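Trainee: If you read the sequences in order, they're chains P and A.
Under the numbering used here, think of the first position of the first sequence as 55, with each following residue one higher.
Under the numbering used here, think of the first position of the second sequence as 55, with each following residue one higher.
PhoX-like cross-link-like pairs, simulated, lysine-lysine; straight-line CA separation at most 20 angstroms: (1) Lys316(A) - Lys160(P); (2) Lys362(A) - Lys316(P); (3) Lys316(A) - Lys316(P); (4) Lys146(A) - Lys160(A); (5) Lys160(A) - Lys316(P); (6) Lys362(P) - Lys362(A); (7) Lys247(A) - Lys57(A).
Since the hints were derived computationally from the structure, they do not count as laboratory data.
From a predicted model like this one, the values you see are computed outputs, not experimental measurements.
There are 2 protein chains.
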Amino acid sequence: MQKEDIVKSHKRIEPYIHNTPVLSSQLINQIVGANLFFKCENFQKIGAFKMRGAVNAIMQLTDKQRERGVITHSSGNFAQALSLAALSLGVKAHIVMPSTASQVKKDAVRGYGVDIVECEPTLEAREVASLEIQQREGAAFIHPSNNLDVILGQGTACKELLEKQPDLEFIFAPVGGGGLIAGTALSAHYFGKSCKVIGGEPFEADDAYRSLQSGNIESNLSTNTIADGLKTELGDINFPIIQEHVDRIVRVTEEEIVSAMKLIWYRMKIVVEPSSAVALAAVISEKHLFRNRKIGVILSGGNVDLNKLPF
Amino acid sequence: MQKEDIVKSHKRIEPYIHNTPVLSSQLINQIVGANLFFKCENFQKIGAFKMRGAVNAIMQLTDKQRERGVITHSSGNFAQALSLAALSLGVKAHIVMPSTASQVKKDAVRGYGVDIVECEPTLEAREVASLEIQQREGAAFIHPSNNLDVILGQGTACKELLEKQPDLEFIFAPVGGGGLIAGTALSAHYFGKSCKVIGGEPFEADDAYRSLQSGNIESNLSTNTIADGLKTELGDINFPIIQEHVDRIVRVTEEEIVSAMKLIWYRMKIVVEPSSAVALAAVISEKHLFRNRKIGVILSGGNVDLNKLPF
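Taking the hints into account, I'd like the entire structure generated from these sequences.
Mentor: Right, here's the structure in full:
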């Protein structure tokens, strides 16, 4: 990937996404002892950064491919993203979702007029169900995170953040399937001034941390985390980018995630989902290393079931 | 009051407040069938518009008065506002709070280093406790809503809104003690282009609605509302302004308040307290009258106890 690939992706998707605001909180800065700039992708269309990659991936399909529709499997936000992106671009979408996905997320997908194919909450079940539809409909499979156009799309959030705050020394992003962190790391590399990218990951789903340690793609030993967007695993397209461009990954406990989430809700008065809070939790858990530094934090999304809050 | 009084108040308080953002939501516009512009005072310092009036009132005191400190009684947001305003301006503050005020609000006041004098949750008890301290300390009493400098301060939120959206045809604001709606009505009168101000009020605390009907200041028959900031009653300073400049008041049910609050949280991804939602609930309950109109909505605050959400 070259710088130009991200620039082109950004130009391509701009009419279909929001250039989301960058917010600061004096109180959180005091608590952390650093200057934090929050990229608010919770304000993005469908409530999460995933809209960026979904639009970019569909727009890179040929006309013939677009006619046959697109398909993905996703626990939530990418499902909504591909649904709305497809609707905006006049393409039919099929979505395979685990039966355990939150009601809010299922309702949102149905709101875009898409039929959901429910399956068991395992990666195998998702893949089988999605392959079946690919073969039957000829639909193009778009992976939520292990797809180069998706990665380039997700990287545009970091590009916008650096356009507003060019002097960031560190950018923290959550690590789930690896699409956001890989895109963020590429953008920081091409558009930052020696800006380091650090991932935040729950101890309870620390496949990326262990993958960087071992040099191979590792599986999650558990996915018992409140950060429901981060239960997925790295792929062979994003892992080499992460190896090359991500500085390191900081793991956080469930208590640290909930505490960071409360801090954002109470102090910034914005709604973020637990996955977003993981990035701030990572900053806070190592705040002694970042005194007075300029730090970007990617708040990845705000889709949370208000009936199931952890506080 | 002249236009110049609001302009001067705004200049005076500007260094101590945020010029809060004005947000829109395509989805809420679709639901309501109008163009709504939300003035986000939930992002104001202390999380509510009350900071504006508190700063303005303290800054209008003489040096001698400032030396003796200030006192108020408040169920919540004005308590925090006067505490932070006093701290910012180097003035001592005393706060009388009802024992039933939410823990979040009490903690926030204590966070500014202010001692809280707790009293029974009645207007009489508040007034007795506060008079006692006024006499003992010589502190200046600053009423949360029935004080001209407070009213002028609160009006600056509407002035900022009209600076960004000069063509608003209607502005909705919640009605509690009457300070915000009176200030909003003054600003709409002086800075709007025949912009009408409409109040939103819970059926369960509809003193202002009935006061406008009867022509006298009426008391609440109940205060059994989730909108905890709107349980207070009009005063002799703000009532004549409301009579002259407020078009009318729309009452809403508790269900309408909770439903509007959910809509804001889910669709706009921002945290607002029930009192803020009352203004949107009023628009929605009469949406047939406002098709395609440009409407401002003052989101008054975002201080809510996350452990006691209505959903």
